[in-house]
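J.: Letter by letter, the chains look like this.
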Amino acid sequence: MKGNSVYLFRRWWERHGLQALGVGLALSLALLVRQTQGGLVFDIYQRLASPFAADPTSQEELETARVRELEQRLAELEHQYQLVGKLSEEAKKSQKNPIFAPVVGRSAHHWWQQVTLGRGRRDGVKEGDIVTAPGGLVGRITSVSDRTSRVLLLSDPTSRVGVTLGRSRAMGFMRGENEKQGTIEFFDKVPDVKKGDRVFTSSFSQLFHPGYPVGEVVAVKLDASPAPQATVKFDASLSSLEWTSIYPQPNIPHAEPEFSTESNDEGLSEH
Amino acid sequence: MTRGYRNTSPFLPLWRWSAKTSRIVNWGVTIASVFLCLLALPVRLPGMELLGIGPNWLLIWVVAWSVKRSPLQGAIAGLVLGLLQDGMSSPHPTHALGLIVVGVLTALLQKQRYIQEDFISVALIVFGMTAIAETVMALQFSLASLRGAGDGTFPSLSYIWTYHQRITLASALLSSLWAPVLYFPLERWWETLRSMEE
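Read top to bottom, the protein sequences are chains A and B. Numbered per numbering that gives the first Met the number 0, the first sequence spans residues 0 to 270. Numbered per numbering that gives the first Met the number 0, the second sequence spans residues 0 to 197.
Simulated from the structure, these hints should not be mistaken for laboratory data. All C-beta atoms in this analysis are idealised placements derived from N, C-alpha and C, irrespective of residue type, glycine included. It cannot be assumed that every hint is accurate.
[Claimed, not checked] Below, in silico cross-link-like pairs of lysine to aspartate or glutamate (DMTMM-like), each with a Cα-Cα straight-line distance of 25 Å or less: (1) B:Lys-67 / A:Asp-222; (2) B:Lys-19 / A:Glu-13; (3) A:Lys-194 / A:Asp-222; (4) A:Lys-179 / B:Glu-48; (5) A:Lys-193 / A:Glu-75; (6) A:Lys-179 / A:Glu-62; (7) A:Lys-179 / A:Glu-241; (8) A:Lys-232 / B:Glu-196; (9) A:Lys-188 / A:Glu-215; (10) A:Lys-179 / A:Glu-75; (11) A:Lys-193 / A:Glu-178; (12) A:Lys-188 / A:Glu-176.
[As the list claims (entries may be wrong)] Heads up, incomplete: computed chain A residues facing chain B, CB under 10 Å, no partners named: (13) Glu-176; (14) Gln-180; (15) Val-219.
Please model the entire structure based on the sequences and the hints provided.
T.: Structure (structure tokens):
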């Protein structure tokens, strides 16, 4: 009986062994790529794509755009200053110099709104870092390879950002809707919101620094269920990004703050 | 059997390769074509984009592979490429399920009876399969959204299905138009190998 099954197995192996090996190899390779979030593929992609990447001179344009953005943030910070009486530690930290990164690829599948940036672990980018573009906030780094990093855009339906209105300080969560706009759901039953209000990241957000410009309210729907809603048009044009700036992620209050500050400094000292 | 060919030039006509060599070359070509598809995913060239959506190269590859193979082979290809696509975008929910369905259905199609093997029918198959794969994706999102109702990680049902409608047509159109670019060279290659083995 045993001999028979061994014989059967040997016959099967002679006929299908190589195929089975091939299938096993292909499957484990695919699992590896899945586990590493395509790191190797994106690194090779970045090398191939670098000759066609956006013109480096636009880095200068980006810096002038950054000055404009900082002016806008200054106004918002002054507002916070009046409210709180002092600048928060977080806001000071976020003033550090960013890492500039070109956009080298778009979403690999259309159910997700992502972009791939041409800077990775080697350049000091970390998971959870914040990405902005001329105008305002763009999204958050969700995975990093040696030379590239992947950004989950604000416009993705699974992205949720704590936001606040510049004028009335009404707060809520913003979710992506399409490339141009997102929807805020307010915490208040009757929020003070009107068309044209400026939207910033809120101090309640643990993922983002407070006070980044996000967009502008273009429509208000107070009778929406379960919470009043407003539609926001993003400041940064997410569909035609070319260069972005990466800032270290804010320290999460409960994690040891000193340690993570150090690691952020290390990441930035290379630039 | 292979010894006779070992010292000859590698640029021999195909029919003179030994069975082993041609098998290795075949694996090489197959893997290289999948890799090219992976590299093409994040690229958006003019004409390759509609509403911010590009062609689903991996789905086209699974269709090209499965057209003349068994449902099991189609399913395995769907699983492998689905896992790869998970790595390239986001693993939750997985792309593998949709691509396995595509692989099996394509292999099951009675092509010799209903559909001829030409430009139009391949495009048609890809069109239909994209719609099916998108629906599987939307169903998975709906399940995840129902299961985690209210915790806010997944969008609402109404959002998922309006988004599904919006992207399915664009994605199916683009993928079917670009399908021949991948299908014909691959099919030619596999056809040559098949006739050689006979």
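J.: Each hint needs a verdict: does it hold in this structure or not?
T.: Evaluation of the provided hints:
Restraint check: the Cα-Cα separation between Lys-67 of chain B and Asp-222 of chain A comes to about 56 Å, which exceeds 25 Å; the hinted pair is violated. Taken as a hint, the Lys-19 of chain B and Glu-13 of chain A pair is honoured in the structure, with Cα atoms around 14 Å apart against an allowance of 25 Å. For a cut-off of 25 Å, the pair hint linking Lys-194 of chain A to Asp-222 of chain A stands: about 15 Å separates their Cα positions. Of the pairs offered as hints, the one joining Lys-179 of chain A and Glu-48 of chain B holds, with about 17 Å between alpha carbons and a cut-off of 25 Å not exceeded.
Between Lys-193 of chain A and Glu-75 of chain A, the direct Cα distance comes to roughly 18 Å. Compliance with the 25 Å bound is thereby established for this hinted pair. Between the alpha carbons of Lys-179 of chain A and Glu-62 of chain A the distance comes to roughly 23 Å, so the proposed pair stays at or under 25 Å and holds. Simply put, Lys-179 of chain A and Glu-241 of chain A have alpha-carbon atoms about 16 Å apart, close enough for the 25 Å limit, and the pair holds. With a C-alpha separation of about 60 Å, the suggested pair Lys-232 of chain A and Glu-196 of chain B falls outside the 25 Å cut-off, and the hint is violated.
For the suggested pair Lys-188 of chain A and Glu-215 of chain A, the alpha carbons sit about 21 Å apart, so the restraint of at most 25 Å is met. With a C-alpha separation of about 23 Å, the suggested pair Lys-179 of chain A and Glu-75 of chain A falls inside the 25 Å cut-off, and the hint holds. Between Lys-193 of chain A and Glu-178 of chain A, the direct Cα distance comes to roughly 22 Å. Compliance with the 25 Å bound is thereby established for this hinted pair. Distance hint between Lys-188 of chain A and Glu-176 of chain A is fulfilled; the C-alpha atoms sit about 22 Å from each other, no more than 25 Å.
Taking 10 Å as the C-beta cut-off, the interface hint given for Glu-176 of chain A holds, the closest approach to chain B being about 8 Å. Taking 10 Å as the C-beta contact cut-off toward chain B, the hint placing Gln-180 of chain A at the interface is violated, the least distance being around 13 Å. Restraint check, Val-219 of chain A versus chain B: the minimum CB separation of about 19 Å is more than 10 Å; hint violated.
Consistency note: the structure conflicts with the earlier hints numbered 1, 8, 14, 15.
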